[in-house]
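J.: All chains, full assembly: derive it from the sequences and hints.
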Amino acid sequence: METVDFKSQERGHLIYSVDQILCLKTILDNSASHQQKEVRVRVKKLEPEWTFSCGMLVEILPDSARQLGLDEGAQAFLKLFDRRFARSLRKWERVGPWTTDIEDEFLHKLKSGELQDFLGRLQADENSEEEDDDADNWDAAENEAWLADMMLNYFWAEDICLVKGILIEYLKGFTLSSLKSSAPRSTWQSIVDEAIRITHVLGDNNILNSDVRPDNMMVIRQGKEEYRVCMIDFGHCRMRREDESDHDWGRAKWNQDEEGAIGVVMRGDLAKIGFQLHYENSGRYLEWAEGEDD
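Everything in the sequence shown is counted per the working numbering, starting at 116 for the first residue and increasing by one.
For the record, the hints were derived by calculation from the structure and aren't laboratory data.
Values in this document were obtained by computation on a predicted structure and should not be read as measured data.
Using N, Cα and C, we set each Cβ at its ideal position, and we do this for glycine too.
Don't take every hint at face value.
[What the hints assert, rightly or not] Straight-line Cα separation of at most 30 Å, BS3-like style, residue types lysine-lysine; simulated pairs:
#1 LYS206 to LYS368
#2 LYS160 to LYS339
#3 LYS159 to LYS295
[To be verified] Using C-beta positions, here's what the derived DEER-type ranges look like:
#4 LEU185 to GLN151: 15 to 25 Å
#5 GLN231 to SER360: 32 to 42 Å
#6 CYS138 to TYR285: 15 to 25 Å
#7 LYS295 to CYS138: 31 to 41 Å
#8 ASN320 to GLY389: 29 to 39 Å
#9 ASP219 to GLN304: 47 to 57 Å
#10 GLU357 to SER305: 33 to 43 Å
#11 SER305 to HIS362: 33 to 43 Å
#12 LEU392 to ASP186: 35 to 45 Å
#13 GLY228 to ASP308: 47 to 57 Å
#14 GLY228 to ILE388: 52 to 62 Å
#15 SER293 to GLN391: 11 to 21 Å
#16 GLU229 to ILE335: 43 to 53 Å
#17 ASP178 to GLU359: 44 to 54 Å
T.: See the structure below:
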């Protein structure tokens, strides 16, 4: 799945809303020819918080569902890496909220070719460890170009981590962050334990995820008190580099503390309502922790 086709949509409908119909230009993962197909979906629910992508539950419309070999009424989760509405990203990077005036300036400079040199500098500096001292002087159009370039990187990161594009399986459940109100108290320990176990699977497969948090763990009910836990959102993952030493990899994993991002956070959250969650760091990367000599 690549892009949303806005060419046939009026400008006033660019902001996503419930019941809006989106036309997606897709490349199916199993397509050898890489030919694009149009898939039409209806927005059923918008995620309350958009961070680095715009998340929404969609229903695949009947004609498109038949084309994909799916049952009528099939649902999916749609992630759009849209710089305009990645609210948290814009806030963290000190880029103001998107407006139509900003978009007009961006499109004008893009069409005129004024942004080509700027984008060239971005690509040239991509591997540089030095910070861009001119970033604070970028104008609104340059900020939008930079965010667009960053969003493309997040899209490809999802592809590398085997999330099949951005129209993905819908998991009907709840996030680990809403555990208190969604599952019996008797299941809390085992559910959190399973989420922590999943973070260990990352290390077993030489993956580092810098966005592990309870909001990115889905819990799916499978029985009266049986639950399956799934990690979602792999846009901030990276693989261990071939030339990365045990020390450098271990240090990176220790500093990221993926299991602590679940265990410590959930222990503190549940303690607020009097529940004692048992969690101790496994120490898998303890030998690479920073010491007095570092």
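J.: If a hint holds in the structure, say so; if it does not, say that too.
T.: The hints, checked one at a time:
For the proposed pair LYS206 and LYS368, the alpha carbon gap of about 27 Å is at most 30 Å, so the pair holds. For the hint pairing LYS160 with LYS339, the CA-to-CA distance comes to about 26 Å; that is within 30 Å, so the pair holds. Restraint check for LYS159 and LYS295: satisfied, since their Cα atoms lie roughly 25 Å apart, inside the 30 Å limit. Hint check: LEU185 to GLN151, Cβ distance near 18 Å, so the stated range 15 to 25 Å holds.
A hinted range of 32 to 42 Å for the beta carbons of GLN231 and SER360 is consistent with their spacing of about 39 Å. At roughly 19 Å, the beta-carbon separation of CYS138 and TYR285 lies within the given 15 to 25 Å, and the hint holds. With their beta carbons about 39 Å apart, LYS295 and CYS138 fall inside the hinted range of 31 to 41 Å. A hinted range of 29 to 39 Å holds for the C-beta pair ASN320 and GLY389, which are about 37 Å apart.
For the pair ASP219 and GLN304, the beta carbons lie near 54 Å from each other, so the given range of 47 to 57 Å is met. In this structure, GLU357 and SER305 meet the distance hint of 33 to 43 Å, their C-beta atoms being roughly 37 Å apart. Between SER305 and HIS362, the C-beta spacing of about 35 Å keeps the proposed range 33 to 43 Å intact. Evaluation of the 35 to 45 Å hint for LEU392 and ASP186 yields a pass: the beta carbon distance comes to about 40 Å.
The hint said 47 to 57 Å for the Cβ distance between GLY228 and ASP308, and at roughly 56 Å that hint holds. At roughly 58 Å, the beta-carbon separation of GLY228 and ILE388 lies within the given 52 to 62 Å, and the hint holds. SER293 and GLN391 have their C-beta atoms about 20 Å apart, which keeps the hinted 11 to 21 Å range intact. At about 49 Å, the beta-carbon gap between GLU229 and ILE335 stays in the expected band of 43 to 53 Å.
With their beta carbons about 48 Å apart, ASP178 and GLU359 fall inside the hinted range of 44 to 54 Å.
Taken one by one, the earlier hints all hold for this structure without exception.
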